[in-house]
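Engineer: Which chain is which? The protein sequence lines are A and B, in order.
The first sequence begins at 1050 in the numbering used here and counts up one residue at a time.
The second sequence begins at 1050 in the numbering used here and counts up one residue at a time.
If you're looking for bench data, these hints aren't it; they were derived computationally from the structure.
We put the beta carbon where it would ideally sit given N, CA and C, even for glycine.
Heads up, a few of these hints could be off.
What the hints assert, rightly or not - As a list, the in silico DSSO-like pairs of lysine-lysine whose alpha-carbon atoms are at most 30 Å apart:
1. Lys1057(A) to Lys1181(B)
2. Lys1057(B) to Lys1222(B)
3. Lys1129(A) to Lys1057(B)
4. Lys1129(B) to Lys1223(A)
5. Lys1181(A) to Lys1156(B)
6. Lys1181(A) to Lys1057(B)
7. Lys1227(B) to Lys1181(A)
8. Lys1223(B) to Lys1129(A)
9. Lys1156(B) to Lys1129(B)
10. Lys1222(A) to Lys1057(A)
As the list claims (entries may be wrong) - Simulated restraints on C-beta separations:
11. Lys1075(A) to Gly1102(B): 35 to 45 Å
12. Pro1153(B) to Arg1198(A): 43 to 53 Å
13. Lys1222(B) to Lys1156(A): 35 to 45 Å
14. Ala1163(A) to Ala1113(B): 47 to 57 Å
15. Glu1200(B) to Pro1153(A): 39 to 49 Å
16. Arg1145(B) to Gly1102(A): 35 to 45 Å
17. Trp1104(A) to Lys1222(B): 13 to 23 Å
18. Gly1076(B) to Tyr1228(A): 22 to 32 Å
19. Lys1181(B) to Trp1104(A): 17 to 27 Å
20. Thr1150(A) to Arg1145(B): 52 to 62 Å
21. Leu1152(A) to Thr1150(B): 50 to 60 Å
22. Glu1200(B) to Thr1226(A): 24 to 34 Å
23. Asp1142(A) to Ala1113(B): 45 to 55 Å
Protein chains: 2
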Amino acid sequence: MRTLPLDKVFQLIEPGPVVLVSTARKGRRPNLMTLTWHLAMNFTPPLIGCVIGPWDYSYAALRATRECVIAIPGVDLAEKVVGIGNCSGQEVDKFRAFRLTPLPAEKVCAPLVAECLANLECRLVDATLSRKFGFLVLEAVRAWTHPGRREQRTFHANGDGTFKVDGRTLNLKKLMTKYPEFT
Amino acid sequence: MRTLPLDKVFQLIEPGPVVLVSTARKGRRPNLMTLTWHLAMNFTPPLIGCVIGPWDYSYAALRATRECVIAIPGVDLAEKVVGIGNCSGQEVDKFRAFRLTPLPAEKVCAPLVAECLANLECRLVDATLSRKFGFLVLEAVRAWTHPGRREQRTFHANGDGTFKVDGRTLNLKKLMTKYPEFT
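The shape of chain A in the complex, shown without the other chains:
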């Protein structure tokens, strides 16, 4: 895996892919959840907002450790990702059941997911809207990509068990006259 500069992190979240969230609470096995309700909130430091609440088993670990990893799967992992979203870490050792490899992160206790396209080590920075909306703000403090990986397409949840796979890329950089620094 290769480190990704933190000012590029928003580019991984902005397209809206399905992601995994890993957590690790002291003395317990690490866990994974599937997340589709998230957004980019800032360039640098890279902030990511998400809806994770008490109804998610991962919530307690995230609140207790204030750390997690957001891992972005390629579409080749879609069946595993949906499976992960349809069982609970309370009953299932998800890394083992879905044959995914936890790797030690550098700045957080939660593990990276070796098989994913990218991994973002995150710290919880704001929980003001947690009680009202289940909304949490994370800051990515270290980012990794997997450039040698063959399948680089992500996928997007339609909320009904169907998903849109990335199709062709449209290049409209020539129209970015107001923000040439991003192109």
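The hints should help you fit chain B onto chain A, whose structure is shown.
Structural biologist: Chain B in isolation, oriented as in the chain A frame:
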């Protein structure tokens, strides 16, 4: 246009498409902005979070009226959408410049965008994190789709002037064992 039940609204936001936001302040021409930082936050009532701040010309109108429309463009509108994101409503009459048709909404003062795939009439319901993160929570109070429209594909911003167009649809409903009610 056909009304969409409000419990289906999250399905339009969850995949993470590029959207337009229309606003209309009394006595001024309606305006449009391009938005790529947003997320689904609740099923019913449908809540949508987004980053829109004082750096956006639309922000003042949205805060003053507490209303907007989120319009979801098809990929055939991509050049217009990027153009809209690269100029300001302070100088440009965007509906006119980009040849888009404002239609009266039913519950809000901001106009629908006739050419879009779907339109969500929204009210601002929470601005607690506005000052700190530019984060606003909207509630969709009426929703419309355009089922006869030929091009139904949306597109996703990579944050660098390139976009991913929706590709094929992956059907994994059989794996949604925990949430059969959504499939």
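Engineer: Work down the list of hints and note, for each, if the structure agrees.
Structural biologist: Each hint, compared with the structure:
Between Lys1057(A) and Lys1181(B) the CA atoms are separated by roughly 22 Å; this keeps the pair inside 30 Å, and the hint holds. Proximity of Lys1057(B) to Lys1222(B) is assessed by CA-CA distance (about 17 Å); at most 30 Å being required, the pair is judged to hold. Of the pairs offered as hints, the one joining Lys1129(A) and Lys1057(B) holds, with about 25 Å between alpha carbons and a cut-off of 30 Å not exceeded. A C-alpha spacing of about 13 Å is found between Lys1129(B) and Lys1223(A), which places the hinted pair at or below 30 Å, so the restraint holds.
Of the supplied pair hints, the one linking Lys1181(A) and Lys1156(B) holds, its CA atoms being roughly 25 Å apart against a limit of 30 Å. This hinted pair checks out: Lys1181(A) and Lys1057(B) have alpha carbons roughly 22 Å apart, not beyond 30 Å. A distance of roughly 25 Å separates the Cα atoms of Lys1227(B) and Lys1181(A); the hinted pair therefore holds under the 30 Å criterion. With a C-alpha separation of about 13 Å, the suggested pair Lys1223(B) and Lys1129(A) falls inside the 30 Å cut-off, and the hint holds.
With a C-alpha separation of about 26 Å, the suggested pairing of Lys1156(B) with Lys1129(B) holds against the 30 Å cut-off. Proximity of Lys1222(A) to Lys1057(A) is assessed by CA-CA distance (about 17 Å); at most 30 Å being required, the pair is judged to hold. Distance hint check: the CB atoms of Lys1075(A) and Gly1102(B) are about 38 Å apart, consistent with the given range 35 to 45 Å. With their beta carbons about 49 Å apart, Pro1153(B) and Arg1198(A) fall inside the hinted range of 43 to 53 Å.
Range check, Lys1222(B) to Lys1156(A): about 38 Å between beta-carbon atoms, so the 35 to 45 Å window is met. Under the hint 47 to 57 Å, the C-beta atoms of Ala1163(A) and Ala1113(B), about 50 Å apart, fit the expected range. Checked against the hint of 39 to 49 Å, the C-beta distance between Glu1200(B) and Pro1153(A) comes to roughly 46 Å, which is consistent with it. At roughly 44 Å, the beta carbons of Arg1145(B) and Gly1102(A) sit within the given window of 35 to 45 Å.
Hint check: Trp1104(A) to Lys1222(B), Cβ distance near 22 Å, so the stated range 13 to 23 Å holds. At roughly 30 Å, the beta-carbon separation of Gly1076(B) and Tyr1228(A) lies within the given 22 to 32 Å, and the hint holds. The hinted range of 17 to 27 Å is satisfied by Lys1181(B) and Trp1104(A), whose Cβ atoms lie roughly 25 Å apart. Between Thr1150(A) and Arg1145(B), the C-beta spacing of about 55 Å keeps the proposed range 52 to 62 Å intact.
For Leu1152(A) paired with Thr1150(B), a C-beta distance near 52 Å keeps the hint of 50 to 60 Å intact. Evaluation of the 24 to 34 Å hint for Glu1200(B) and Thr1226(A) yields a pass: the beta carbon distance comes to about 25 Å. Under the hint 45 to 55 Å, the C-beta atoms of Asp1142(A) and Ala1113(B), about 52 Å apart, fit the expected range.
In this structure, every one of the numbered hints holds.
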